[in-house]
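Same order as they appear, the protein sequences are chains A and B. If you want the numbering used here, it's the position in the first sequence, counting the first as 1, plus 673. If you want the numbering used here, it's the position in the second sequence, counting the first as 1, plus 673.
Each hint should be verified, as a subset may be incorrect.
Since the list gives no way to pick out one identical chain from another, each pair is judged satisfied if it fits inside one copy or across any two copies.
[As the list claims (entries may be wrong)] For lysine to aspartate or glutamate, the following EDC-like pairs were computed, each having C-alpha atoms within a straight-line distance of at most 16 Å:
no., residue 1, residue 2
1, K814, E798
2, K697, D948
3, K982, D816
4, K817, E772
5, K938, E743
No lab work stands behind these hints, which were simulated from the structure alone.
Protein chains: 2
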Amino acid sequence: MSYFRPAIDELTGYVPGEQPAAGKFIKLNTNENPYPCSSAVARAIEGALRGGLARYPDATATAFRHRAAELHGVEPEWIMCGNGSDELLTILVRAFVGEGQLIRLPHPSYVLYKTLARIQGARGEEVAFNSDWSLPAAFAKGDKNLRLVFLPNPNSPSGTMVTPEAVRELAEQLPCPLVVDEAYADFAESHCAGLPRDCDNVLVTRTLSKSYGLAGLRFGYLIAHPRLIAGLMKVKDSYNCDTLSIAAATAAIDDQQWLAETRRKILDTRARMTDALRKLGFEAVDSQANFVWNTQPEFELPRIYQGLKEQRILVRYMNYPRWGDGLRISVGTDSQIDACLGVIKGLI
Amino acid sequence: MSYFRPAIDELTGYVPGEQPAAGKFIKLNTNENPYPCSSAVARAIEGALRGGLARYPDATATAFRHRAAELHGVEPEWIMCGNGSDELLTILVRAFVGEGQLIRLPHPSYVLYKTLARIQGARGEEVAFNSDWSLPAAFAKGDKNLRLVFLPNPNSPSGTMVTPEAVRELAEQLPCPLVVDEAYADFAESHCAGLPRDCDNVLVTRTLSKSYGLAGLRFGYLIAHPRLIAGLMKVKDSYNCDTLSIAAATAAIDDQQWLAETRRKILDTRARMTDALRKLGFEAVDSQANFVWNTQPEFELPRIYQGLKEQRILVRYMNYPRWGDGLRISVGTDSQIDACLGVIKGLI
């Protein structure tokens, strides 16, 4: 006999990208930032440490919300912080979607959305992207059970974007909240951070894991109408962000010069690697994120993935049902990418 | 029109104890440790910081699980870590209890259990303690909808305990998982950390917030049969604990000498303050935790709470429906408790 809800027993847990415990790997598989974070972060952590850890943290990360609000031109009441944006996605599902109700997500995209739907006992309706990675009309269709729509923008694994204009039209058509997951927006040409002011069913999530180089810290935030935030606050654990991560995240978001310089380096490398991968024969998709999605029906991609791994270079091999497979390669430093390209060249 | 699930709209969010943002308060309201944590914690954080924060943390906090397993005489597979034990309580509800099903909890106790039941759309059945803070037979009764039972042990606000023998009997009678919330067990004479080995429906939760002086860090763990942990792992966010908190928590649990010395100081102060409060006329309950619960029908307790607050001393005033009110005073340092007792003396 199982004590678990049937939904949990039926579930295969989400398997995150490999994080090798030891040894020297070039990690191009989980879209981490190859550059060390702003030096302001360590100073902020040391400062917070001097204040001690005996007391509970600020339950709403006030200092961070003020900085983020300035950056996005909203009031702090429009910002909510989370233990990584994954925690915010979890809270959104728990707040909006009941058992048996419907969550819509594009396919292929971040597989966590579907896992979260299943944990909640909800249905996850996957709507396939068009072949040019635009959204079909079905993505905006009403449904009496539809309670939440996820749109990762830029999307993973493709690195492609739906334009802010198209996102606005989608939001206006939908009868429910639309979550625009902007984990990779800092690497893109446009974003929807301003949209929640105009469309009260739009919630934008951001993370400090990728562009700010802080995956180890677990810090994300959400921009939405204060009425929505008030409801979401009832669902979150009281003290979901800790004293050190709040201090560190506040310092990181305050150092926009570091972000601009790091972004520039990553975009330059991305352009170089996209060209090089195409010259090797891949169909590399133009990316607005910090990774590049590569397909090629004539290559044995699992063999290339495995050959790279044997040379201690990790990339992500993905094989999506009803879509096909590809290699998602994170944008590393120039020398990491050169090493990766060199090994691939020997494998094809 | 609301986008939220009805369960969320109907909910008044959990209100944690006051955390004054500024000014010098003597905080005796949220059971934090009055002593700074082990000095090994800062060293561990600085070490982790030198390793950088760009990469995702270890998804299962392996280093901590090994230390905790040694301490409790189990294998690391019996340990699961959380972003504070609050997150683990949340995961337990989501894993075991569906909409409309039943969670049992004693009354009065930690109000979060009932909030978590409501968020999940489940029913929270409160069974009142006997007047001597033992559990009535009704607490062990079967019910076809019963999916989870919470037993905080020691309990808050009373600081009292149900003996390990009684907990074992309870577990054997119950048809569902029993969560023994041992947030305060390090201050008690006994505990149930060994019980999951004998009873496969018992899960024990611990936190580093209280006894280890790390409320600001957000770190808790759970001891249970690996079969249960495997199911709970499907529900948790992939990276729920961050690189710094894992390093810090591992160093903290490794310094058992610090824990023993701090525990001794807190137990001495607890004995002194219990005597003094009784001399002032309170009915102070013998505590096995780091706080003391004080009732006295002849005192105007809200006025005492308010008078203390005006003197910048925070304690917790609680008024439980069908039970009555009281002041829960955390065990501070001797000088903090002397200041608190002095102000109370002038108010009664």
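Practice task
Give me the numbers of the hints this structure contradicts, sorted from smallest to largest.
Solution key: Numbers 2, 3, 5, in rising order.
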